[in-house]
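S.K.: Can you build the whole structure from these sequences, using the hints too?
Respectively, the protein sequence lines represent chains P and Y.
Using the working numbering, you'd call the opening residue of the first sequence number 1 and step up by one each time.
Using the working numbering, you'd call the opening residue of the second sequence number 1 and step up by one each time.
Heads up, some of the hints might be wrong.
What the hints assert, rightly or not - Chain P regions said to be covered by chain Y (calculated; three or more residues, Cβ under 8 Å):
#, segment
1, 50-57
2, 90-100
3, 476-486
To be verified - Keeping only pairs whose Cα atoms sit at most 30 Å apart, straight-line, the calculated DSBU-like set for lysine-lysine is:
#, chain 1, residue 1, chain 2, residue 2
4, P, LYS483, P, LYS401
5, Y, LYS94, P, LYS134
6, P, LYS79, Y, LYS355
7, P, LYS226, P, LYS134
8, P, LYS119, P, LYS20
9, Y, LYS389, P, LYS79
10, P, LYS484, P, LYS454
11, P, LYS83, Y, LYS94
12, P, LYS197, P, LYS377
13, P, LYS110, P, LYS349
14, Y, LYS355, P, LYS83
15, Y, LYS379, P, LYS83
16, P, LYS197, P, LYS79
17, P, LYS326, P, LYS119
18, P, LYS134, P, LYS110
19, P, LYS79, Y, LYS379
20, P, LYS222, P, LYS6
21, P, LYS6, P, LYS134
Source of the hints: derived by calculation from the structure; they are not laboratory data.
Keep in mind that this is a model prediction, so the values were computed, not measured.
No residue lacks a Cβ here, since even glycine has one placed at the ideal position from N, Cα and C.
Okay, here's what each chain looks like letter by letter:
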Amino acid sequence: MGAHEKYEAVIGIECHVELKTASKMFCACPNAFGGDPNTNVCPVCLALPGALPVANRVAIEHMVRAGLAFGAEIPSFSKFDRKNYFYPDMPKDYQISQFDMPLTQGGEVKYWLEDGTMKTCRLTRIHLEEDTGKSTHAGSGDGRIAGSSHSLIDFNRAGVPLMECVSEPDIRSAQEAVGYLEALKRTFVQLGVSDVKMEEGSLRCDANVSIRPVGSTELGTKAEIKNMNSFRSVERAIVHEIARQIGVVDGGGRVVQETRGWDEVNGTSISMRSKEQAHDYRYFPDPDLVPIEVAPAFVERMRAQMPEVPWRRFERYRAEYGFNVKQATQLIDDPALATYFDECVAASKNPQLSLNFVLGELSRLANETGVAVAQSKVTPQEVGELIGLVEHKTINSNIAKDLLARMWEGAGSPRAIVEREGLAQTSDAGAIETLVDDVLGAHPAVVAEYKAGKTNVAGFLVGQVMKASGGKANPPMVQALIKKKLG
Amino acid sequence: MAPIEERTASDIAADVNARVLSAREVADAMLARIDAVDGSVGAYLTVLHDRAREYADRVDARVAAGERLPLAGVPLAVKDNMCLDGTRTTCGSKILERWVAPYTSTAVARLIDAGAIPLGKTNLDEFAMGSSCENSALGVTRNPYDLERVPGGSSGGSACAVAALEATIGLGSDTGGSIREPAAFCNLVGFKPTYGRVSRYGLIAFASSLDQIGPFSRTVADAAMTYDAMAGHDTMDSTSLAMPVETTADGLRDDLRGLKVGIVREFDTEKLDSAAHALYQRAYRDLEALGAELVDVALPTADYGLATYYLIAPAECSSNLARFDGVRYGLRVEGDDVTAMYEATRAAGFGPEVKRRILIGTYALSSGYYDAYYVRAQKARTLIASDFKTAFERCDLIACPAASSPAFPFNSKSDPYSMYLMDYYTIPMSLAGLPALSVPCGWVDAGGGQQMPMGLQLCAPLFGERLLLGAAHAYERATGHAGQFAPRLSESNV
Numbered sequence: 001m002g003a004h005e006k007y008e009a010v011i012g013i014e015c016h017v018e019l020k021t022a023s024k025m026f027c028a029c030p031n032a033f034g035g036d037p038n039t040n041v042c043p044v045c046l047a048l049p050g051a052l053p054v055a056n057r058v059a060i061e062h063m064v065r066a067g068l069a070f071g072a073e074i075p076s077f078s079k080f081d082r083k084n085y086f087y088p089d090m091p092k093d094y095q096i097s098q099f100d101m102p103l104t105q106g107g108e109v110k111y112w113l114e115d116g117t118m119k120t121c122r123l124t125r126i127h128l129e130e131d132t133g134k135s136t137h138a139g140s141g142d143g144r145i146a147g148s149s150h151s152l153i154d155f156n157r158a159g160v161p162l163m164e165c166v167s168e169p170d171i172r173s174a175q176e177a178v179g180y181l182e183a184l185k186r187t188f189v190q191l192g193v194s195d196v197k198m199e200e201g202s203l204r205c206d207a208n209v210s211i212r213p214v215g216s217t218e219l220g221t222k223a224e225i226k227n228m229n230s231f232r233s234v235e236r237a238i239v240h241e242i243a244r245q246i247g248v249v250d251g252g253g254r255v256v257q258e259t260r261g262w263d264e265v266n267g268t269s270i271s272m273r274s275k276e277q278a279h280d281y282r283y284f285p286d287p288d289l290v291p292i293e294v295a296p297a298f299v300e301r302m303r304a305q306m307p308e309v310p311w312r313r314f315e316r317y318r319a320e321y322g323f324n325v326k327q328a329t330q331l332i333d334d335p336a337l338a339t340y341f342d343e344c345v346a347a348s349k350n351p352q353l354s355l356n357f358v359l360g361e362l363s364r365l366a367n368e369t370g371v372a373v374a375q376s377k378v379t380p381q382e383v384g385e386l387i388g389l390v391e392h393k394t395i396n397s398n399i400a401k402d403l404l405a406r407m408w409e410g411a412g413s414p415r416a417i418v419e420r421e422g423l424a425q426t427s428d429a430g431a432i433e434t435l436v437d438d439v440l441g442a443h444p445a446v447v448a449e450y451k452a453g454k455t456n457v458a459g460f461l462v463g464q465v466m467k468a469s470g471g472k473a474n475p476p477m478v479q480a481l482i483k484k485k486l487g
Numbered sequence: 001m002a003p004i005e006e007r008t009a010s011d012i013a014a015d016v017n018a019r020v021l022s023a024r025e026v027a028d029a030m031l032a033r034i035d036a037v038d039g040s041v042g043a044y045l046t047v048l049h050d051r052a053r054e055y056a057d058r059v060d061a062r063v064a065a066g067e068r069l070p071l072a073g074v075p076l077a078v079k080d081n082m083c084l085d086g087t088r089t090t091c092g093s094k095i096l097e098r099w100v101a102p103y104t105s106t107a108v109a110r111l112i113d114a115g116a117i118p119l120g121k122t123n124l125d126e127f128a129m130g131s132s133c134e135n136s137a138l139g140v141t142r143n144p145y146d147l148e149r150v151p152g153g154s155s156g157g158s159a160c161a162v163a164a165l166e167a168t169i170g171l172g173s174d175t176g177g178s179i180r181e182p183a184a185f186c187n188l189v190g191f192k193p194t195y196g197r198v199s200r201y202g203l204i205a206f207a208s209s210l211d212q213i214g215p216f217s218r219t220v221a222d223a224a225m226t227y228d229a230m231a232g233h234d235t236m237d238s239t240s241l242a243m244p245v246e247t248t249a250d251g252l253r254d255d256l257r258g259l260k261v262g263i264v265r266e267f268d269t270e271k272l273d274s275a276a277h278a279l280y281q282r283a284y285r286d287l288e289a290l291g292a293e294l295v296d297v298a299l300p301t302a303d304y305g306l307a308t309y310y311l312i313a314p315a316e317c318s319s320n321l322a323r324f325d326g327v328r329y330g331l332r333v334e335g336d337d338v339t340a341m342y343e344a345t346r347a348a349g350f351g352p353e354v355k356r357r358i359l360i361g362t363y364a365l366s367s368g369y370y371d372a373y374y375v376r377a378q379k380a381r382t383l384i385a386s387d388f389k390t391a392f393e394r395c396d397l398i399a400c401p402a403a404s405s406p407a408f409p410f411n412s413k414s415d416p417y418s419m420y421l422m423d424y425y426t427i428p429m430s431l432a433g434l435p436a437l438s439v440p441c442g443w444v445d446a447g448g449g450q451q452m453p454m455g456l457q458l459c460a461p462l463f464g465e466r467l468l469l470g471a472a473h474a475y476e477r478a479t480g481h482a483g484q485f486a487p488r489l490s491e492s493n494v
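M.R.: Written out as structure tokens, the structure reads:
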């Protein structure tokens, strides 16, 4: 730790996220993961001679929503540019991207750490581009290009809409980097702009890492880390890179500007290319595509339709409801569940009981049946009704649990069931006393044990009374009465 | 009745629709004509003997079923940079010599749907880069009016096909003059519509912001019919104009009364040789005789057109032609690794002019040079367009030469710049996206007593196709320079 206290890490993250759309960015091919190689292709995404791109409107709308979620500016004028470089899995040998006029500018990603601390990372921009195909190298045994005899290319992914989120260098640790990425992920999932499945490659990120002496405001020389394929690997790679750079500097060396590839298996990184080998991408406006004009009225309509963004929800759950970080995060990470929860609160005005039911019994039933809570037959209004019945002591918590299981099967309004089946809790002292007398009379041996000092047998007697009442007797009343009679 | 090959598109379509002539008869006659003369002209790279007859039979079946098709049975020559499903589409390049297109370009599809019969794919300067067809890697195309002279370019093959009566209408693409210049060289009407009027989908790109498909024909009326059949928005091309298209074939005029025709001060025809100067002066007087008022207009920045064009077009081409990399289709020359394969493929596949323009364009877009070249060229382009806009405040049409000279002998323009100068009068209109055409305006002695045709260029404001073709028709009707086919070809040169 000694060395780490002398230095501060400065990290910026570039994140590529595949957008969730029906078709690809510039053609009508399905935007679908997998499929037999080269089946989701057409003249446009294979870059056949003469084919032309036509921009996907939904992808542009997704970008506007993503930008608004982070408070970014949505310029009224934007355009596509060509990024020129040769690569076999990039069919046109240029990528349609955005250079100097991206769809969104600026903005802030607010995220939280495990201890609940809120952090902010500024965004430089989010721009829209297209994905490449995938190369597979054969004959080398390990799938690497070195030693391979030939390569196979699958263009199914070529042309899938991709947004690139570029952050400012506001991140200071591997943990913050993960917090930042989680915030991106939960926001994009909530907005429905992406599935963000790292295992399917729909979120890929690179980290620009540098170190500087604590207190310095200058930026050090950065290294760009690539090939991190999970949040865990981002964390490991950044921890490793900070330590590597501290080692270089403390050893009297200088960090060189380079791109390094993260090796997940060996927990290390390898230099891929230095700054001198950097590409000149010869960006210029794509003459095949007309500029994008985003009407301010359209942006305002989108803004009005925006759901509550995750960090605001987090602050609300923490400040207004007093939930802990884990509870709040658990809800927010499942946006449909969080919305369901919010509707339960709206119906019941009881956040704590809503939380208990949603994360407790309802989530258990969801796990058991494989049906998401929000997709189940239980409506938030019915949960609100159930909470009302519990709050007014009309039913006890055991009855509530039984009812919920029946509501899950589609039994409908809990109040109606309770009324129909006479499940309301009995608080009639006379009726309960009769039951207690019957039970005490039927179990003289147990009564004797109790009187001999084994007071824990009272639980058995309470259980017998509850059973005789069909579960409807008010349990505290039963307890109190038994204690009084035997006392 | 005139032989089928000499008839106009409107004439053929009328007879095929009336079922007094079958599309199959038309196709057979035209294919026979191609077989007889194309050996000496070299207009076609691929002749679609079987396909043409199939298309013809389909037209006959549709007509028999009661359809009336605007281009019923009209024989069509297609420049070989436009895709036609199942046919070889080469761009005149070794890199695509054996590539078979798996889809059809929108313009060709629309003409086929209108009843046209594609007879074959025609020669061009490689990737449409050139003004003489001499840059084709796949064949020589000769001017039917003098087989020792070039047909013009880049759409020289389609021009020759129509001029040599091997097709009734032809499709070309015009980036800086590639329809208008060969039309002038071959005594044809060659028409470049407003940029975006005709879809570029399936046209193999040279310079995307300039490329525009248009027709060749022997009469203005045929150009108008062809244009009407293919113009209009296409969802497959974002740059195609999403606005209604005015038809042109019903807007042909007999006079120019009430129109002001601008004569461009900077395009002083005294710079041309004296015969050409006299020819254009007479053409302007003919316009006046038709009722037009001639007005003096200025295009002060037009002189920068050539320099501007030769930055923008190569910049776009350097990127557009990157896809010809040997990975997915076309020529592949193996190498030790992928980079070596790219280099070997492109070194062997592209000819010298294409390589020159890729190099110029790559340089113009490079970091450190982008602002000095590409950005300045774009600014110059804006100024040129703005000059036209100002000029059109004073006139309805602009008249000027279509090319700097008549067709020249093969191998007579050895340095690239002298070739580029051929497009001096056509490039400014391309940069401004304006509709322009070349209409035959007479003959000059091109040397050694050889009479060769020249073209008058007429240019209209954006979207002014109806007026442009209408006026060209009046000029054509009054002067009768068009319709002078290449009679000597069949008599003495074949």
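S.K.: Now tell me, hint by hint, if it's right for this structure.
M.R.: Hint check results:
Remark: the segment 50-57 of chain P is confirmed as covered by chain Y, as 6 of its residues place a Cβ nearer than 8 Å to a Cβ of that chain, reaching the required three. Chain Y is given as covering the segment 90-100 of chain P, and this holds because 4 residues of the stretch bring a CB closer than 8 Å to a CB of that chain, at least three being needed. Under the rule that three or more residues need a Cβ within less than 8 Å of chain Y, the assignment of the segment 476-486 of chain P is violated, with 0 such residues. Proposed proximity of P:LYS483 and P:LYS401 is supported: the alpha carbons are some 27 Å apart, at most 30 Å.
About 28 Å separates the Cα atoms of Y:LYS94 and P:LYS134, which keeps this hinted pair within 30 Å; it holds. For the hint linking P:LYS79 to Y:LYS355, the alpha-carbon distance of about 29 Å falls within 30 Å, and the restraint holds. Between P:LYS226 and P:LYS134, the direct Cα distance comes to roughly 16 Å. Compliance with the 30 Å bound is thereby established for this hinted pair. Of the supplied pair hints, the one linking P:LYS119 and P:LYS20 holds, its CA atoms being roughly 28 Å apart against a limit of 30 Å.
For the proposed pair Y:LYS389 and P:LYS79, the alpha carbon gap of about 25 Å is at most 30 Å, so the pair holds. A C-alpha spacing of about 16 Å is found between P:LYS484 and P:LYS454, which places the hinted pair at or below 30 Å, so the restraint holds. Between P:LYS83 and Y:LYS94 the alpha-carbon distance is near 27 Å, which keeps this suggested pair within the 30 Å criterion. Taking the CA atoms of P:LYS197 and P:LYS377, the gap is near 28 Å; set against the 30 Å cutoff, the hint holds.
Taking the CA atoms of P:LYS110 and P:LYS349, the gap is near 28 Å; set against the 30 Å cutoff, the hint holds. Using a Cα cut-off of 30 Å, the hinted pair Y:LYS355 and P:LYS83 holds, with the two alpha carbons roughly 20 Å apart. Our distance criterion of 30 Å between C-alpha atoms is met by Y:LYS379 and P:LYS83, whose separation comes to about 22 Å. Annotation: proposed proximity of P:LYS197 to P:LYS79 holds, straight-line Cα distance about 28 Å (limit 30 Å).
Using a Cα cut-off of 30 Å, the hinted pair P:LYS326 and P:LYS119 holds, with the two alpha carbons roughly 17 Å apart. At most 30 Å may separate the alpha-carbon atoms for a hinted pair to count; P:LYS134 and P:LYS110 exceed this at roughly 33 Å. In summary, the hint linking P:LYS79 to Y:LYS379 is supported, as the alpha carbons are separated by about 18 Å, within the 30 Å threshold. Taken as a hint, the P:LYS222 and P:LYS6 pair is honoured in the structure, with Cα atoms around 18 Å apart against an allowance of 30 Å.
At most 30 Å may separate the alpha-carbon atoms for a hinted pair to count; P:LYS6 and P:LYS134 exceed this at roughly 43 Å.
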